[in-house]
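Enquirer: Protein chains in written order, with the numbering used here: chain B, 1 to 362; chain P, 1 to 299.
One thing to keep in mind: the hints can contain errors.
Unchecked claim - The calculated lysine-lysine pairs, modelled on BS3-like cross-linking and capped at a C-alpha distance of 25 Å, are:
1) P/K97 <-> P/K4
2) B/K153 <-> B/K167
3) P/K97 <-> B/K130
4) P/K208 <-> B/K130
5) P/K208 <-> P/K192
6) B/K224 <-> P/K192
7) B/K107 <-> P/K208
8) B/K107 <-> B/K153
9) B/K107 <-> B/K130
10) P/K208 <-> B/K332
11) B/K101 <-> B/K130
12) P/K208 <-> P/K97
13) B/K153 <-> B/K177
14) B/K101 <-> P/K97
15) P/K208 <-> B/K153
16) B/K153 <-> B/K101
Worth flagging that the hints you see were computed from the coordinates, not collected in a lab.
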Amino acid sequence: MSTIRIDNVRKSFGGFEVVHGVSLDIADGEFVILVGPSGCGKSTLLRMIAGLESISSGNVVVDDLVINRLPPRERDIAMVFQSYALYPHMTVRRNMAFSLKLAGAPKGDIDRQVQAAAEILDLVSLLERKPAQLSGGQRQRVAMGRAIVRNPKLFLFDEPLSNLDAKLRVQMRSEIKELHQRLRTTTVYVTHDQVEAMTMADRIVVMNAGRIEQAGTPMDLYEKPASLFVAAFIGSPSMNLIHGRIEDSAFLSDAGARIPLAANAPVTSDPVVLGVRPESLHVGGVGPAFGECRLRVVEPMGSETLLAATLLSGGDGAHGGGENIMILSRVKERYAADTTVRVGADPGEFHFFDATSGRRLE
Amino acid sequence: MNEKNIFCYLMVAPALLVTALLGIYPMLASMVMSFQSYDLLAGQRDTIEWVGFENYRTILADDRFLQTISQTVIFTILAVGIVVSMGLFLAQVVNAKFRGRAVVRTLIFSPWFVPPVVASAIWMWLLQTERSPINAVLRDLGWTSGNIRFLTDPETWGPFSIPMMSVVAVRVWNGLPFVIIFLLAGLQSIPKSLYEAADMDGAGILQKFRHVTLPMLRPVLMVLLALLFMNGFGHFEMNYIMTQGGPRNLTNVLAVWSYQEGFAFFRFDNAAAASGIILAMTSVICAIYLRLQYKDDLR
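Assemble the whole structure, with the sequences as input and the hints as a guide.
Expert: See below:
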């Protein structure tokens, strides 16, 4: 159980800076997920916490101790790798016992701890097998077993689910979350999958190009994305973003569609981006008018239907538009492609961003 | 047989033919000869005289031959042991990233560019008692008072002698690059994440070597050891060129003994019997290797 303070940490590879002064406080027992596209620096940051990557400047502090210069083995941190990195020549038991054995723990303790971890992760029947004889999901669990067996201060996960198929990924996601709820060990988890981030995290840290874009609870990020990047990254399907400006309490898109706004919409003469989530758009008569749309593609998914549509005109009926938008309908209805529908939306659910800086406008 | 199969056979045919003609046929002919009386000095005979195991009995009754067998084993164990230990260390050095790696790599691999015969000639000069630059350096440093007779000192310590150590050193020097490249290929196939996992598990350098590198290199090491032992038991050129087996048979090995028996004493039957013993020794190594590999496959 530990707190981590990441204080203005930078990382350069041969003069090329990839992490630009990141600061983050992680509370005791918190499950923090670093999420972002490939190359955003999230894995590098994780590896700096682990000690597998040196820190160019700044500090990583665990429980008030600066660990910058400590080798990984002195940090008391366990890590689950994307490739699992199980020792192929060792049985599951030996894989899990390895760290305890190196630490010189008595054999009785090792056996007891391995058994306890194996029971938590349902690995008891697999203890004498080698990694090659295990399925992907089982290997994943062994990798976690190896991490929890020594009861470390901190768990690090580096994209642990990306080698699993979709069904297993969903299952392991809840297993990891359950494990965290049970052990309450401070956890830092890296993924590029925003669904993983949304479903598992106490707090999500969205990274982009070596900087933190926003850190907050999943619902914070979903409801109040601080930037265009976060708006586009969080949520699936991603938010519709329409460029335009605000004029006379209406949004005028670059293509000429005019969408009425609520009274509390920001007032600015600068170019803005209107963000509206696909699930905030409703086909038919519900809510104030967003506009007329032509449905291009209909993707029924059972409980919901994803519609790719083109905005024909704004809510006030004036012609214009032409923007492509996505609508997520949770109403059980059969939609037909190439039909024109009215789309409603609550202007209170609109997001506005400065088109130049990308920052959120309130 | 379909077209693809015919093509495959055609592709391996030249290699098979060469192996059969230059490898398998002489080996079989030599084995057959080891059961015949074949003394060139005795003149030509019309009939082949079969003598059963007589040739083997003759050479095994020869103390000089028995000494040669044990020396062949000692030479091989020493050379293989040293070359593999140094190879393991240097392969890690070559594998590491550091400034000047290219230079170090070139230096380490350079003995490979020297054919064994040339290497032997160079080292004969370097180890020549009166003119050896090594002796000169040792004397200048004040470490020795007289010249060390690297290739001719007949003094022994059990089975060991200075000429034996000198020849072993040259064999190691010449064989090292091959071993390093072999092991380097093995090292590079070990995923980096295993070392990182070991780092996180708390392993130091030696523990990583013991618990990650060695087990992961096991298949490569097994092939390498089998090759080195088989080559080692049949090694000829360096021992022959540098010392002809001397002084007092101290650096003699089976292949050199067999050659001398055939081409110096014209006893091809005894030479063939000595070759038969080399074949038996390499077969043992081969059998051990196959058995270990079979066990690994079962696991």
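Enquirer: Evaluate each hint against the coordinates.
Expert: Cross-check of the supplied hints:
| no. | hint | in the structure |
| --- | --- | --- |
| 1 | P/K97 <-> P/K4 | violated, 45 Å |
| 2 | B/K153 <-> B/K167 | violated, 31 Å |
| 3 | P/K97 <-> B/K130 | violated, 32 Å |
| 4 | P/K208 <-> B/K130 | holds, 19 Å |
| 5 | P/K208 <-> P/K192 | holds, 12 Å |
| 6 | B/K224 <-> P/K192 | violated, 40 Å |
| 7 | B/K107 <-> P/K208 | holds, 21 Å |
| 8 | B/K107 <-> B/K153 | holds, 22 Å |
| 9 | B/K107 <-> B/K130 | holds, 21 Å |
| 10 | P/K208 <-> B/K332 | violated, 59 Å |
| 11 | B/K101 <-> B/K130 | holds, 18 Å |
| 12 | P/K208 <-> P/K97 | holds, 17 Å |
| 13 | B/K153 <-> B/K177 | holds, 17 Å |
| 14 | B/K101 <-> P/K97 | violated, 30 Å |
| 15 | P/K208 <-> B/K153 | holds, 23 Å |
| 16 | B/K153 <-> B/K101 | holds, 18 Å |
Taken one by one, the earlier hints fail for this structure at numbers 1, 2, 3, 6, 10 and 14, listed in ascending order.
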